[in-house]
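Going by full-length UniProt numbering, the sequence shown opens with residue 1, and the numbers climb by one from there.
Calculated from the structure, these hints are not laboratory results.
Heads up, none of these hints are tricks.
What follows is a set of in silico ranges between Cβ atoms, one per label pair, in the way DEER data are often shown:
no.: 1; residue 1: Asn410; residue 2: Pro434; range: 28 to 34 angstroms
no.: 2; residue 1: Glu455; residue 2: Leu343; range: 53 to 59 angstroms
no.: 3; residue 1: Asn18; residue 2: Lys395; range: 50 to 56 angstroms
List of simulated lysine-lysine pairs, DSSO-like, C-alpha gap at most 27 angstroms:
no.: 4; residue 1: Lys265; residue 2: Lys312
no.: 5; residue 1: Lys315; residue 2: Lys265
no.: 6; residue 1: Lys315; residue 2: Lys374
no.: 7; residue 1: Lys250; residue 2: Lys282
no.: 8; residue 1: Lys275; residue 2: Lys313
no.: 9; residue 1: Lys397; residue 2: Lys579
no.: 10; residue 1: Lys438; residue 2: Lys462
no.: 11; residue 1: Lys438; residue 2: Lys493
no.: 12; residue 1: Lys17; residue 2: Lys358
no.: 13; residue 1: Lys355; residue 2: Lys32
no.: 14; residue 1: Lys395; residue 2: Lys146
Quick caveat: nothing in here was measured; it's all calculated off a predicted structure.
Note that the Cβ used here is the ideal one computed from N, Cα and C, for glycine as well.
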Amino acid sequence: MDEINSEMIKKTRNLIKNNLAQEDSKENRFYKESNENHLGEEFEKYIERSEFNRDADRILYSKAFRRLEHKAQVYSNKRGDHYRTRLTHTLEVTQIARSISRNLGLNEQLTEAIALGHDIGHTPFGHAGEEILDDIMRGKDDLDGKLEFNIDYGGFKHNFNCLKILEIIEKRETRTGLNLTWQTLDGILKHTHVIKGDKKWDLTRFVRDISNYKNIIEYDYFDEKSKPSHEHSLTLEGQVVNISDEIAQKEHDLDDSLIDGKLFKLDDMFNEIMKIMEEVSKETSSENTGYELFCLLKKKVYELYSTTKNHKKWKELISVIISYFIIDVTENTIQKINEYDDLDNIIYFDEKNNKYIKEEIVDFSQTGSKVNEKIDEYIEQGIIFSFNVSRFDGKGKYILRQLFKAYYENPRQMPEKELIILIKRIKETIKKYPQLRKKYDDIAYDFDELFSINEYNVYSTKLNPVLNILKFKNREKLRHTLNSNENFSEFLKNIMDIIGLNIEEKIKHDFEINEIVDEFYEHLFNYCNTRSIEEINSISNMEHRNFLLFSKGWNELHYEYISTICDYISEMTDNYAIKEYHELYIE
1 MDEINSEMIK
11 KTRNLIKNNL
21 AQEDSKENRF
31 YKESNENHLG
41 EEFEKYIERS
51 EFNRDADRIL
61 YSKAFRRLEH
71 KAQVYSNKRG
81 DHYRTRLTHT
91 LEVTQIARSI
101 SRNLGLNEQL
111 TEAIALGHDI
121 GHTPFGHAGE
131 EILDDIMRGK
141 DDLDGKLEFN
151 IDYGGFKHNF
161 NCLKILEIIE
171 KRETRTGLNL
181 TWQTLDGILK
191 HTHVIKGDKK
201 WDLTRFVRDI
211 SNYKNIIEYD
221 YFDEKSKPSH
231 EHSLTLEGQV
241 VNISDEIAQK
251 EHDLDDSLID
261 GKLFKLDDMF
271 NEIMKIMEEV
281 SKETSSENTG
291 YELFCLLKKK
301 VYELYSTTKN
311 HKKWKELISV
321 IISYFIIDVT
331 ENTIQKINEY
341 DDLDNIIYFD
351 EKNNKYIKEE
361 IVDFSQTGSK
371 VNEKIDEYIE
381 QGIIFSFNVS
391 RFDGKGKYIL
401 RQLFKAYYEN
411 PRQMPEKELI
421 ILIKRIKETI
431 KKYPQLRKKY
441 DDIAYDFDEL
451 FSINEYNVYS
461 TKLNPVLNIL
471 KFKNREKLRH
481 TLNSNENFSE
491 FLKNIMDIIG
501 LNIEEKIKHD
511 FEINEIVDEF
521 YEHLFNYCNT
531 RSIEEINSIS
541 NMEHRNFLLF
551 SKGWNELHYE
561 YISTICDYIS
571 EMTDNYAIKE
581 YHELYIE
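Could you put the whole structure together from the sequences, leaning on the hints where they help?
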């Protein structure tokens, strides 16, 4: 491997700038924009503003961005003014990402836009809030029996929710969404994992019309051999934000834990950093990439450790660690790019001349990864599971869970605009599934009330039967059918065969009828939830096909109900969620 020198850095930076950095173009947006909000060409000529600048500005001026001020990073902002919030974390990520991007000759404006938007879809109470919403939307938490069935709707992930907020909930001009460039959206989506274990979160549940996002999630334009992982961003700028997010988290988790005087003393923190330096020294050598830079870090840490330890020295140490990671990532990325003989091994152009990065290139060195890993272990063991953080996380989960239960029980407790959103989604589902207008006398009560609900009668008793439908409550018809007939009808038998359910033996052995009904419906709705309309339409028998489309529509109505509640809660700040909990349960 060639030794890095100033000439090599300059040469590689120019290579990246001219070949690998993303280029500005209005064609990068999903739809062409009007100029109705512009002052006119005679004024516009004075303004130099790229499309990526516009992305950053649209994010910066959004309501969702302002809410980040009162969303926790790790500690509650009620503990003091100096703890990081989701907003200050975002600003620190932006600064680190711009530094790395500038070092590498990348598009700094795009990097800034991605960094500003990377956490805009985060829940209140940090990752604790995200976990509770994920459990509910994945069918793992039935809210103490309030949810009738365990149905996996794909869970909740804040980076997926970012796209929903930026492209559906926030509004610009006369259309929904901010119409950001695909490069910005790709970087925001992939700043963290898009796969949970071996299971993807279902992006279609977040953005609804997935056609706009095919180039950043499906990769159909790649041949199988060169198709990249879904995990990494398709731009180097997006990869820079991903790694900058990690760096910023280390820095402020360490710093905030020291502000929490009950957790660590200054001497303890210095001792722990020294211990990490020693462990990395034992586990790495000059054979590992980034080792020389690590030796410089270790030397600097020793110097700070040997002097009088005070908060000024701690700040200096934090600054040194940030600088170390920035340089390590820069150096390692330059080395990796110089290992390629042909840039065609790195980049791919589609028919629209969009530029995609095939591999994950921006990363820590081997030694830098070890330093990162050791600091991660220390933060997780000493900080994330500490007394104060655990109490805050537990409180956050409890509050959000109670709010979800309250809104599910009676959605009129949400603001009127949320009910209007729900009504709109109900009408869209009815339009998509005309089979909901059919009557299945053996299965469910009529859905007539569903078609007459609107924003004007939502506060009347007309909503009550609609809620029974949305909550899967109207199942008495099937109970009555099973109680009054000795055997299943041929129709029900055929449906059970299709969904892979055999409960005739339970009927013969006098199983509790409610148990049989619930098992039938749980199988039915889970079957419909995992089948597309196209798959169901391929069923040859028209009666069976229509019933399964009816059931899929019913299942989608339930999803729209809990999704509306989930969206409302996910947008809350910590303070607003606490206020809502007090008003609903205490005052």
